[in-house]
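Protein chains in written order, with my numbering: chain A, 1 to 77; chain B, 1001 to 1270.
Possibly wrong hints are sitting among the right ones.
[Said to hold, decoys possible] Heads up, simulated DMTMM-like pairs for lysine to aspartate or glutamate below, C-alpha to C-alpha not over 25 Å straight-line: (1) A/2 to B/1229; (2) A/2 to B/1044; (3) A/2 to B/1209.
[Unchecked claim] Taking beta-carbon pairs under 7 Å as the criterion, some of the chain A residues facing chain B (in silico): (4) 6; (5) 10; (6) 12; (7) 13; (8) 30; (9) 31; (10) 32.
The hints are simulated quantities; they were obtained by calculation from the structure and are not laboratory data. Glycine is no exception: its CB is placed at the ideal position from the N, C-alpha and C atoms.
Below, each chain spelled out in residue letters.
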Amino acid sequence: MKVSSPVGDFPFEPQRLRVGPGHLTLEGQVGAWPARVELEPRDLITLARIAGARAALPVLAAVALFTGLRRWSNRAG
Amino acid sequence: MSRDLVAVVGAGVAGLAAAAELAARADVMVLDRLPVPGGVLPYDAPVVRQLEDRCRSAGVQWLLGTTALRWERGRLLAAGPRGIEWLDAAHLIFAGGSRPATTAELPLAGPRLAGVLPAPVAIHLAEAKVTLGHRVVIIGTGDWAQAAREAILGQRSHVTVVARESASLPSFPHDGLISGWMPLAVAGAGRVSSLTLGRAGQQHRICCDAVILADSVRPLRNVDGAIFEDAHRVTFVQPTAEVSSAEEVSAAARRAIAGLFSGEPQPPES
């Protein structure tokens, strides 16, 4: 993955996906810097809207998976 | 020189070439404030990848995403993901790149005004879709000027280029060229509204709402204790010519390192 910024493009290397209460956290590295992306369910819906219908199915599947994981996480916790 | 640690500040082409050259004769650590090598070039540019691979195979250590702050008696103060730390180093190779002349160096008189921007800042802002102005003046005709012009191409600004007496004419598109005049002063209330030029006792004022400083190439020096040419145990590896290809920068860095070990005077960088 590549992230653009006003000071240049940087690689984003995903290393771990964590499920937290109400969000998914994608942890990784931007070069030497630790970095993370936090996604809430509404972010996934926004992504689906931006990407259009073609992406709707995988994103809805991700939302369903996320919701299931959250319920499982709540029950386990 | 024994196999002490040599710190190289700057992971652009010059820093990487210097580190690769040094690695056969010293332990080398490369620091850069950005988290990836490359400097002003993309991290995945072929020349950067090639030099990075050479450094890695030669055992160069990396401390990226880390800002070098101060050089003092064989120690380098650095701040980064590992925290703030002093690194012991026998020598510092400073490869901090270049910058255009400042208002003080031109010299350009007048108050500090919004809209008067060094070319690197102007380029960053333009790339972030910030409109710099409607009547933009670029002072300079070289690489910095060309990069600034390219960055604002889509902004529908009227761009006037000011070329000093000895400067070559711009090779990039522009809407107006004023050649042979020296920039003297900026004026405005809060934001720049005019630039005064001078030639042989004459003065000429042009209206503008942005002035991009893109004239000449100066070495960028921002590590306290490693500013002046005579800094103790510091070698500067920085391009000073207006036009420097990656290959030229790399070759100049290698020559500077070779000169450091031969004990001979370092050849001038070009």
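Here is how each hint holds up against the structure:
1. A/2 to B/1229: violated (38 Å)
2. A/2 to B/1044: holds (10 Å)
3. A/2 to B/1209: Roughly 35 Å between the alpha carbons, so the hint for residue 2 of chain A and residue 1209 of chain B is violated.
4. 6: holds (4 Å)
5. 10: holds (6 Å)
6. 12: violated (10 Å)
7. 13: violated (11 Å)
8. 30: Since the shortest Cβ distance to chain B is 6 Å, the answer is holds.
9. 31: Holds: closest Cβ of chain B sits about 3 Å from residue 31 of chain A, inside 7 Å.
10. 32: Holds. Min distance 4 Å.
Of the numbered hints stated above, those contradicted by the structure are hints 1, 3, 6, 7, listed in ascending order.
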